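Chain by chain, the residues:
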Amino acid sequence: MSSYAISHERAHAFYDHFERKGELPHQTHYCPGCGHGIVHKLLASAIDGLGVRDRTVLVSPVGCSVFAYYYFDTGNVQAAHGRAPAVATGIKRSRPDSIVVAYQGDGDLAAIGTAEIIHAANRGESMTVIFVNNGIYGMTGGQMAPTTPLGKQSTTSPGGREKWNDGYPVHVCELLNALDAPVYLERVSLGDNKQIMQAAKAIRRALEYQVKGLGFSLVEVLSPCPTIWKLTPVEAQKFVRDEMGALFVPGCVRDRGKEAEARPARAAAPALADVPRLIGLTSGEEAVPAAERDLDLRIKIAGFGGQGVLMLGEVLAEAGLEAGYEVSWLPSYGPEMRSGTSNCHVRIGRHPVDSPLVSRPNVLLALNEPSLRKFLPAVEPGGVAIYNGREVPEGCERDDVRLAAIPVTAIADGIGAGKVANIVMLGALLELCEVVDEERVRGALRRLIHNDRYYELDLAALERGREEGRKLAAEAYGWGV
Amino acid sequence: MDRGMVVTNQEECKGCGLCVEACPPRVLRLSAGLNRYGYHPAEYSGSGCTGCGICYYACPEPGGITVERLVKVA
Ligand SMILES: Cc1ncc(C[n+]2csc(CCOP(=O)(O)OP(=O)(O)O)c2C)c(N)n1
Ligand code: SF4
Ligand code: SF4
Ligand code: SF4
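Sequence lines, in order, name chains A and B. For the record, in the first sequence the residue sitting at position 240 is 240 according to the numbering used here, with numbers rising by one throughout. In the numbering used here, each residue's number is its place in the second sequence (first place is 1) plus 481.
It should be emphasised that the hints constitute simulated quantities derived from the structure, not laboratory data. Note that the structure is predicted; figures quoted are calculated from it, not measured. Note that the Cβ used here is the ideal one computed from N, Cα and C, for glycine as well. Don't take every hint at face value.
Said to hold, decoys possible - One side of the interface only, derived from the structure: several residues of chain B facing chain A at Cβ under 8 Å:
hint, residue
1, L499
2, V508
3, A539
As the list claims (entries may be wrong) - The following label-pair restraints were derived from C-beta to C-beta distances:
hint, chain 1, residue 1, chain 2, residue 2, range
4, B, A513, A, A5, 27 to 33 Å
5, B, R484, A, M197, 28 to 34 Å
6, A, E243, B, A513, 30 to 36 Å
7, B, V488, A, P270, 53 to 59 Å
8, A, D242, B, R517, 32 to 38 Å
9, B, P505, A, E243, 23 to 29 Å
10, B, P505, A, L272, 57 to 63 Å
11, B, A513, A, G159, 40 to 46 Å
12, A, G257, B, R484, 30 to 36 Å
13, A, A265, B, A513, 56 to 62 Å
14, B, R517, A, P352, 54 to 60 Å
15, B, P505, A, A271, 55 to 61 Å
Only chain A is shown next, with the shape it has when bound in the complex:
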């Protein structure tokens, strides 16, 4: 007796119903004869064949296949245009047991996502990339892709793609073959039955290598887009075989599946609770205190490179953070970097920082004369400015700003290290204006300065600065207000 038994049916890796299509729960949204449907089927068969549906995560792109997640009954993430390999990297690294497939079109992979694919391949990420090359942007209505053949018309190459204007079609497999890391690179085509069966094999192999723990695999699939090419499905299939195939010759470009070593499992990421200790935040467990005062400090610190301008800003911001304020620290890399000057912007306040940029400071710490000249005019009336010098230079008067001259470099030299001049200035600031408690500053210094000797020096400098500040405050020295 004989009877019929099913040999080829809808893959289990597909959902039974496609939620998106209320009316057509079994049809995809692709145009009749679109290669995406065939590639989906080959991929779904490979997932079924390897029995990995439960741990497969499909990263769908932007392009006609953006809705792949409506069809595959696997884990699904939809990535921003071109970013599928970066998203896939994150998924694979955080879930090493998952089988991660980045599905991408040629606009997605070879235009906007060029950087992502090259670097994922170069890192040998253990992922499978299915690269559907239809030589055009389908979803957006037929713009030229990097893979569009020369001479071919598109909405953005109405006269035909022209090499001097548009460059040559990009051969992705060959490009990636210049890298050391990839394990498997093959170009296949959907141009006829034989080619489709070869495509099925390649997709399965690429997935199998990932199951074995090997690194990066990419299968480029030459695929018909009958709608944009304005061909019937059958004509489009022939176009893929004859014209796309002549330009992008199908074949295996690299297969190191036999000799490739399994990519070592990465050490698990540290537990979140351990992170403060790992980055040296000893106070990580303490609750953040509520900000005590209603501060809104907009601090500009400026000097020349090597004076500890950025460091001074960092200490202030850290101290503010520890005291429960909202803070920002913004080193400024303007053209003045070239002449060796350096400045940074610090904000410390009770309210969230709207902009880290300080263009109207209420505190100016000028570690040299050019900085004072440059930024003093911008200081807000009622603000504080401290200048590193014995006296305020001529032409730097401001009646409405509390302006103090303290020779912090000379004082620091007296302590034995000119480098701590910045901390002398910080000490003075603590006396001259309401900032944060010294205890917070010490805490910040302890965190930022790992060398005990420098830490001690900084504490001495802080104290000397406070003395100078107190003297000045008592003398009501050059306060302009």
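Take the given structure of chain A and dock chain B with the ligands to it, following the hints.
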């Protein structure tokens, strides 16, 4: 009895004709009638299927085609 048997899903089919083109013994054809969505769906001419499964892979629709093969049962 033919070695194979093919079933096309009349409602799911988009009438692209790729299976018709792909079938080696050419036993598939597009129906003269239309389905609910206005496509001429593929249909089996009724005999000659070898069960090769090629049409299954050529069809872009997940459930467009099901292929069966003749097996011996006790
Ligand atoms: C950041 C960003 N830039 C541009 C677009 C517009 N856009 C949508 S799809 C697409 C190209 C799709 O072409 P391809 O990757 O070849 O996929 P196909 O549609 O041909 O399958 C573009 C440029 C977008 N969605 N997001
Ligand atoms: S436009 Fe092209 S790539 Fe997009 S669904 Fe239609 S045939 Fe497929
Ligand atoms: S299984 Fe083979 S012989 Fe049968 S209809 Fe499909 S392609 Fe034709
Ligand atoms: S290939 Fe599929 S969708 Fe196209 S005509 Fe045949 S059954 Fe219909």
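For each hint, the structure was consulted:
Taking 8 Å as the C-beta contact cut-off toward chain A, the hint placing B:L499 at the interface holds, the least distance being around 5 Å. Residue-level restraint check for B:V508 is violated (minimum Cβ-Cβ distance to chain A is 15 Å; threshold 8 Å). Hint on B:A539 holds. Least Cβ distance to chain A is approximately 6 Å, under the 8 Å limit. A C-beta distance of roughly 31 Å is found between B:A513 and A:A5, which places it inside the suggested range of 27 to 33 Å.
At about 19 Å, the beta-carbon gap between B:R484 and A:M197 misses the expected band of 28 to 34 Å. Range check, A:E243 to B:A513: Cβ separation about 32 Å, and the 30 to 36 Å hint holds. In this structure the hint that B:V488 and A:P270 lie 53 to 59 Å apart at CB holds, the actual value being about 55 Å. Evaluation of the 32 to 38 Å hint for A:D242 and B:R517 yields a pass: the beta carbon distance comes to about 35 Å.
Taken as a hint, the range 23 to 29 Å holds for the pair B:P505 and A:E243, whose Cβ atoms sit roughly 24 Å apart. Between B:P505 and A:L272, the C-beta spacing of about 59 Å keeps the proposed range 57 to 63 Å intact. Roughly 42 Å separates the CB atoms of B:A513 and A:G159, a value that falls within the hinted 40 to 46 Å. About 34 Å separates the C-beta atoms of A:G257 and B:R484, a value consistent with the hinted range of 30 to 36 Å.
Taken as a hint, the range 56 to 62 Å holds for the pair A:A265 and B:A513, whose Cβ atoms sit roughly 59 Å apart. With their beta carbons about 57 Å apart, B:R517 and A:P352 fall inside the hinted range of 54 to 60 Å. At about 59 Å, the CB distance of B:P505 to A:A271 agrees with the hint of 55 to 61 Å.
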